[in-house]
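Spelled out from the first residue to the last, the chains are:
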Amino acid sequence: MTLLKVEDLKVHFPIRGGILNRKIDAIRAVDGVNFEIEPGETYGLVGESGSGKTTTGKAVMGLNNITNGEIYFGDELLNKGNKVNIRKDIQMIFQDPYSSLNPRKRVIDIIAEPLRNYENLSKDEEKKRVKDLLEKVGLTAESMLKYPHEFSGGQRQRIGVARAIALEPKLIIMDEPVSALDVSVQAQVLNFMQDLQKELNLTYLFISHDLSVVKHMCDRIGIMYNGRYVEEGTTKEIFNDPQHIYTKRLVAAIPDIDPKNRKENTNFREQVKEEYTNSYYDYFDEDGLAYQLKPITDTHRVALPERG
Amino acid sequence: MWKFIVRRLLITSPQIIFLSLLVFVLASFMPGDALTGAIGPDVKAERLAELREELGFNDPWYIQYKDWVAGILQGSLGESFQYKMDVEDLIWQRVINTFWLSLVSVIFIYAIGLPLGILSGRYNDTLLDQLITGYTYIGFATPIFIFGLVALWIFGYILGWFPTGGSVDPGVESGSIEYILSKLQHLLLPGLSIALIGTVSTVQYLRSEIIDTKQKDFILTARAKGASERRVYNRHIFRNSILPIAAFFGYEIINLINGTIFIEQIFSYPGMGQLFLDSIVIRDYTVVTALVLLTGIGAIVGALLSDIILSLVDPRIRIK
Amino acid sequence: MSENHSHKDIEQQVSEQQKEQEVQKSPSGLRIFWREILKDKLALISLIFFVLVSMIVFGISLILDLDEVVKIDPFAIHQPPSDEFLLGTDKGGRDVFGQLIIGTRNSLAIGFLVTLISGAFGIIFGVVSGYFGGHIDNFLMRIVDFFMVLPFIMIIIVFVTIVPRYSVWTFSLIMSAFIWMGIARLIRSKALQERELDYAQASRTLGSSHTSIIFKQVLPNITSLVVVTMTLNLAANIGIESGLSFLGFGLPEDTPSLGTLMSYATNPTTLEERWWIWAPAAALILVLMLAVRNVGEALKRAADARQRRA
Amino acid sequence: MSKSLFGKFLFVLMLAFVLLIAACNSDEGGEDSSDNDGDDTEQNESDDDDSDSDSDSDQELYSIDDFESYTGEGDAIDGGSLTFGLVSQSPFEGTLNWQFYSGNPDSQVLSWFDESLLQYDENYNVTNEGAASYEVNEEDSSITFTIEDDVKWHDGEEVTAEDWAYSYEVIMHPDYDGVRGSSAGFAYLEGAQEYKAGEADSISGIEIEGEKTITFNYTELTPSLLTGGVWGYPMAKHVFEDIPVEDMASSPEVREEPIGFGPYKVENVVPGESVTYSKFEDYWRGEPNLDEVTLKVVSPSNVANALETGDVDLVDSFPADQVVDNIDMPNVQWLGMTDLAYTYIGFKLGDWNADEGEVNYKGDEMKMGDKKLRKAMWYAVDNETVGERFYNGLRWNGTTLIPPSHPAWHDDSIETPTYDEDKANELLDDAGYKDTNDDGYRETPDGEELVINFASMDSSDLSEPLANYYIQAWDKVGLNVQKLDGRLHEFNSFYDKVGQTGEDDPNVDVFMGAWSVGYDVDPSGLYGRDALFNFTRWANEENDELLAEGLSEEAFDTEYRQDVYSQWQELMVEEVPVFPTLYRAMMVPANERVVNYDISVGSGVYLYELGVTQEEPVVE
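Residue numbers (the UniProt record's numbering), protein chains in the order written: chain A, 1 to 308; chain E, 1 to 320; chain H, 1 to 310; chain F, 1 to 620.
Careful: at least some of the hints might be erroneous.
Which residues of chain H face chain F? A partial, calculated answer using Cβ under 8 Å [unchecked claim]:
no., residue
1, P74
2, K216
3, P252
A short list of chain E residues far from chain F (calculated; beta carbon distances all over 10 Å) [claimed, not checked]:
no., residue
4, V25
5, L26
6, Y83
7, R223
8, L304
Derived from the structure by calculation, the hints contain no laboratory data. Note that the Cβ used here is the ideal one computed from N, Cα and C, for glycine as well.
Using the sequences and the hints given, assemble the complete structure.
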């Protein structure tokens with residue numbers, strides 16, 4: 001049984017203009033996206049900035065109005081009416097650990113905010129829960145009375161995680177959770193998140209532009225371009241057998257640390273780039289948008305034009 | 001650009017309608033009417049009652065409003081009961097005075113504000129700058145009516161340098177040089193009073209703007225390239241700082257009008273502000289309504305003007 | 001959002017500059033204010049002076065018998081200052097010093113009230129508008145636009161002639177009704193930025209209601225702006241009140257304000273020869289406004305990290 | 001922003017200023033007390049202010065009897081020019097036509113270039129000294145007027161009977177929207193109402209008997225006709241003929257180039273601000289003395305200064321609250337006369353019956369219904385002191401409701417209450433108003449709390465102190481009087497509250513206002529049973545009778561009429577629906593060089609004789 005099912009999701013932002021300020025066009029930030037996430041897995045959503053991945057995440061979270069489509073969480077349709085309901089079963093971790101924590105609030109108030117909204121706890125119970133949560137994310141209980149600016153970026157992100165898991169959600173949406181952090185801290189935080197996933201039996205929707213991170217974290221990956229999927233598959237499929245030219249290019253661009261392969265890599269990239277330029281119109285329609293996804297295997301789908 | 005203007009105009013028309021409604025409703029709540037002033041033993045109450053009926057003073061406000069709108073559509077703002085003349089003519093007589101007063105004030109505002117602002121910004125933290133900043137400190141804190149009153153007292157009464165009331169000496173041939181000089185003489189003190197207080201924000205703005213710009217990279221580059229200090233100031237800094245000031249002018253209109261109400265009262269200068277206060281007292285509704293409306297429209301047009309200038313100056317603001 | 005109004009844009013430009021300090025926003029804004037004031041001797045003197053005057057004025061007016069102050073004494077008209085009348089008497093033989101005390105109290109009270117009422121309303125209006133954005137913002141900003149272009153002095157004057165019985169309270173309400181827009185606009189543009197910050201979004205994912213986010217999350221983050229604006233508004237409001245009283249559309253003579261005493265100077269003989277009636281009031285208005293502004297400017301500097309002295 | 005040393009400096013300066021003021025005070029306080037010891041020789045120059053105001057507080061007293069209304073004759077130079085100050089806070093309206101003007105400022109402008117055909121004596125009776133003489137025909141209730149031969153408009157046309165009739169036709173025209181047309185001269189005119197209703201093309205009661213002779217036929221003759229009732233202003237028919245009545249008031253013939261037949265003609269009008277006149281050589285009384293007159297608006301706050309500097313020679317009036325401060329102005333002579341006005345305090349004694357069009361006197365039902373209470377309130381106030389202290393004697397205790405400006409009708413033999421606290425207390429005790437609950441205030445005879453609401457008109461700088469002073473005075477005799485709404489009312493809301501439209505505000509118990517009195521002494525417009533402006537809503541039969549008798553044909557006999565009005569004045573003192581508080585002097589300053597000018601009516605000194613003794617105004 002799937003945990004999250006997104007069907008034909010569209011999020012359009014109107015462009016207004018003209019004398020009466022009517023809607024004259026729309027930015028199609030997300031334009032017909034389908035995917036499913038199984039419980040316990042980490043699903044990666046990859047794309048360059050502007051590809052609609054964050055918008056998709058926020059739409060699932062209910063932070064954006066969605067134009068069309070359905071989002072099911074378990075059996076429940078989330079977007080009754082137009083506004084997506086906020087479920088405590090879904091939580092989010094934000095990209096920027098600086099702005100996602102209210103600078104005027106102490107840590108205890110930040111972490112206890114969801115508890116206060118959903119659970120009626122006494123002061124002591126609340127304190128205990130916050131303490132537990134802090135310990136779970138590797139921070140000391142003394143942190144409780146401090147303000148966010150007294151922490152480092154990595155620590156802040158841990159606070160953000162503590163807040164997100166406070167309600168024991170099933171699904172956590174991570175919007176570029178480490179991209180604002182130093183590379184040295186990134187791995188640390190990622191590992192910690194993986195541990196947490198096992199411990200709490202969490203499902204992650206992992207949004208990132210960084211394929212190497214995604215490769216490390218995710219079970220399955222969806223690749224977005226201009227608001228549409230170009231390819232979806234298991235991590236292995238995507239990295240070892242990319243079908244779409246866009247995916248190929250992304251994969252090729254992953255830096256390789258081994259200097260021995262440098263020349264080889266450069267050549268390979270050149271090739272891919274050439275192919276990309278030459279065959280662009282084989283993979284995208286005249287508007288530069290991806291085609292419908294076609295299944296190749298049970299798990300692997302690619303956006304290719306109808307051939308023949 | 002024209003789309004932008006047309007759209008702004010479309011947005012402002014409901015504002016004007018609301019404004020006229022508001023004024024009308026308020027006016028209908030004011031105690032007394034234009035005939036109250038006629039009370040006396042020589043005038044029979046019956047005659048007043050008759051006139052009230054004839055002139056429609058007894059109609060509910062929406063009927064009066066309807067008539068008034070109908071009048072406007074035919075190009076008439078109505079007739080002033082007190083002055084027995086068309087409101088537009090009456091207001092025109094006074095607006096022209098207020099216009100001159102405002103013009104002189106604006107000229108002074110910029111004539112005083114620009115040099116002071118530039119000096120203060122260019123030589124910041126010198127004694128000169130401190131003098132100027134000191135002036136802006138005081139100027140900001142001084143209500144215009146206190147300043148006007150004291151100015152009238154010192155320069156009008158004690159020193160006798162300026163006339164203490166009116167807009168022109170009587171008997172001077174209209175259109176002659178003397179006439180213009182006399183007008184100017186009557187305008188100087190009230191105009192200066194408005195300007196000395198009103199210019200303060202310009203000085204402060206210009207000063208901080210210049211100090212800011214001074215440290216911007218393109219100025220440093222210009223200097224590095226060997227441009228003379230004068231050229232740097234004239235071509236780069238000044239031009240960069242002056243445009244927003246020009247643009248803010250439109251927003252200033254409403255402040256200017258508020259200022260003239262006080263100043264005209266203090267200097268017995270027959271302008272719109274005085275006409276307004278008088279008309280309130282004698283309940284000359286048509287005039288009150290027309291004046292408030294006109295002022296409102298002035299403010300709206302001013303804001304529009306500023307927006308246009310701003311969008312010309314700064315493309316970031318321009319809208320599709 | 002879709003409707004672009006340029007005031008907004010100017011404010012945005014301004015606030016872009018503030019953005020950098022956003023990051024360093026620390027929780028102890030009020031402490032920074034305090035530190036800045038302590039550092040700035042002028043502001044400190046101003047603050048002490050203002051508090052002192054307020055205390056003296058409110059203190060004395062507690063023990064001062066209002067009836068005695070406004071008591072008409074036909075045998076003591078226009079007395080110059082003496083031991084009996086510290087600041088002489090006015091045209092009704094009333095003690096000017098007493099009126100100055102009561103008048104300062106009334107002016108300050110109105111200044112405070114108007115600042116609080118218009119401030120509270122403007123803040124709520126602005127924060128709601130900015131936080132929700134979109135159509136709500138569009139609609140609310142049209143209302144603000146409408147009020148902005150009202151010639152407010154004129155409208156207040158019309159209002160004052162209508163209200164049959166007015167006191168410090170009603171007068172403050174009338175004034176507030178027409179001067180809340182500035183702060184509303186400022187707060188709105190700030191709130192527009194704040195709502196885009198992740199912490200506001202995070203709160204929503206955590207199940208906090210809009211009201212709770214507005215009041216518990218967003219508002220605390222704009223307090224420094226609120227404090228600065230309100231302080232500067234206080235000075236302006238004292239000025240507006242005394243101006244209206246000066247024109248004769250303020251409080252009645254029995255409830256003197258500083259403007260009432262000033263308005264006696266429209267009589268040229270009083271202006272020329274009886275300085276004791278109006279000059280102290282004029283000086284007091286000036287000094288009070290200067291003091292409040294000094295404090296306000298210091299706060300403004302404190303709020304703007306680049307200019308902070310402390 | 002960098003710290004500004006200078007700003008700091010200024011701030012400290014301001015602070016110092018405040019402290020200085022405080023310090024000054026204690027200093028001066030000290031000197032003041034030494035003044036009392038008698039050694040004021042030590043005062044230095046900086047105390048000039050002080051000594052000035054000391055003399056101020058000594059309160060010099062003046063009396064209207066000290067002033068003449070006439071500048072006296074002098075050696076006027078030939079020609080010369082004069083500047084006349086029109087004292088007004090606001091510009092004049094510029095409706096420069098007697099038929100259409102609505103404010104005093106305009107009438108001041110008008111009186112230089114246009115005048116009435118009728119001349120009045122000092123009792124405001126029509127005489128034959130004017131441009132027209134009259135003859136009463138008692139048999140057919142008509143009056144015939146004959147205009148002098150050489151009365152000409154400024155454009156050289158003769159002023160004719162036709163012109164006079166024309167002014168009636170304009171005023172009674174259905175489209176006419178001015179306030180005139182209700183005085184006796186119109187009300188009693190035969191056929192006027194028919195014409196007004198549009199039923200007749202002309203007014204049947206007006207007969208033009210020749211180029212210069214006109215007869216007005218009245219339904220009945222009343223003395224009011226000859227004390228201001230007959231409309232005496234002709235209207236130049238050849239000028240206005242082609243202008244529709246509704247457009248006349250805004251026409252250039254009224255606003256920009258008005259003509260009249262007065263001693264000066266209009267040269268130039270600066271709307272609202274000033275008018276220049278030149279002499280009209282063909283003026284019917286003779287060639288005017290001055291070549292040129294300039295009229296300009298001077299605000300009340302500037303007028304003293306303008307006089308001192310010779311900026312104006314003469315003004316139409318002078319702000320009462322500044323007279324005393326300026327009475328020693330060296331280059332100015334002060335003219336004075338008793339003003340045609342009085343201040344009063346009235347009591348609400350009923351309401352207005354709109355259906356019947358008359359007052360509904362309710363007597364004892366009303367809070368102020370007890371005559372003794374009203375009289376006690378009269379005794380309780382010290383108008384003498386008010387006049388002396390607030391107006392330095394230039395206003396004084398009023399006695400009856402016909403002011404001494406009408407010497408023939410004012411009866412000064414009538415005893416009226418004057419300040420007597422004991423008497424007031426006695427009256428109140430008598431009437432049963434006693435303080436039964438020891439709150440310091442008297443209760444009604446029924447033991448109910450008595451709070452009297454006082455509506456006072458805000459008409460001058462002194463309105464507020466005066467109202468408060470009266471309230472204090474009543475407080476002293478144990479009456480709890482409160483200002484209605486806690487403040488004074490500007491004239492619009494004042495008249496709304498006392499009932500200008502017939503809807504009296506039931507909260508008003510006592511009100512203080514002022515009436516100006518017309519030439520015609522007949523008080524029925526203010527105190528008649530059917531007078532809407534009878535704001536007290538008091539009436540009784542004796543009053544009705546006396547007022548009717550005052551207007552009857554017998555009353556053409558002055559002695560008879562005097563007797564009637566004496567009785568009426570006495571009745572009003574007895575019944576006290578209203579009591580006058582102050583009579584007032586009208587004080588007009590004129591530059592020393594102004595001669596042959598008289599501010600009173602019927603003095604036999606006319607405007608064309610006005611002259612100056614030197615080319616330039618006398619300056620200190």
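Against the structure, the hints come out as follows:
Below 8 Å, beta-carbon pairs count as interface contacts, and P74 of chain H has one with chain F at about 4 Å; its hint therefore holds. Interface restraint check: K216 of chain H against chain F, minimum CB-CB distance 34 Å, threshold 8 Å, status violated. Annotation: interface hint on P252 of chain H holds; nearest CB of chain F at approximately 4 Å, less than 8 Å. For V25 of chain E, the non-interface assignment is confirmed: its Cβ lies about 17 Å from the closest Cβ of chain F, beyond the 10 Å cut-off.
A cut-off of 10 Å between C-beta atoms confirms that L26 of chain E is not in contact with chain F; the least separation is 14 Å. With a closest Cβ-Cβ approach of about 5 Å to chain F, Y83 of chain E is found to fall inside the 10 Å limit, against its non-interface label. With a minimum CB-CB distance of about 22 Å to chain F, R223 of chain E clears the 10 Å threshold, and the non-interface call stands. Interface exclusion of L304 of chain E from chain F stands, the closest Cβ pair being 32 Å apart, more than 10 Å.
This entry does not satisfy hints 2 and 6, going by the numbered hints stated previously.
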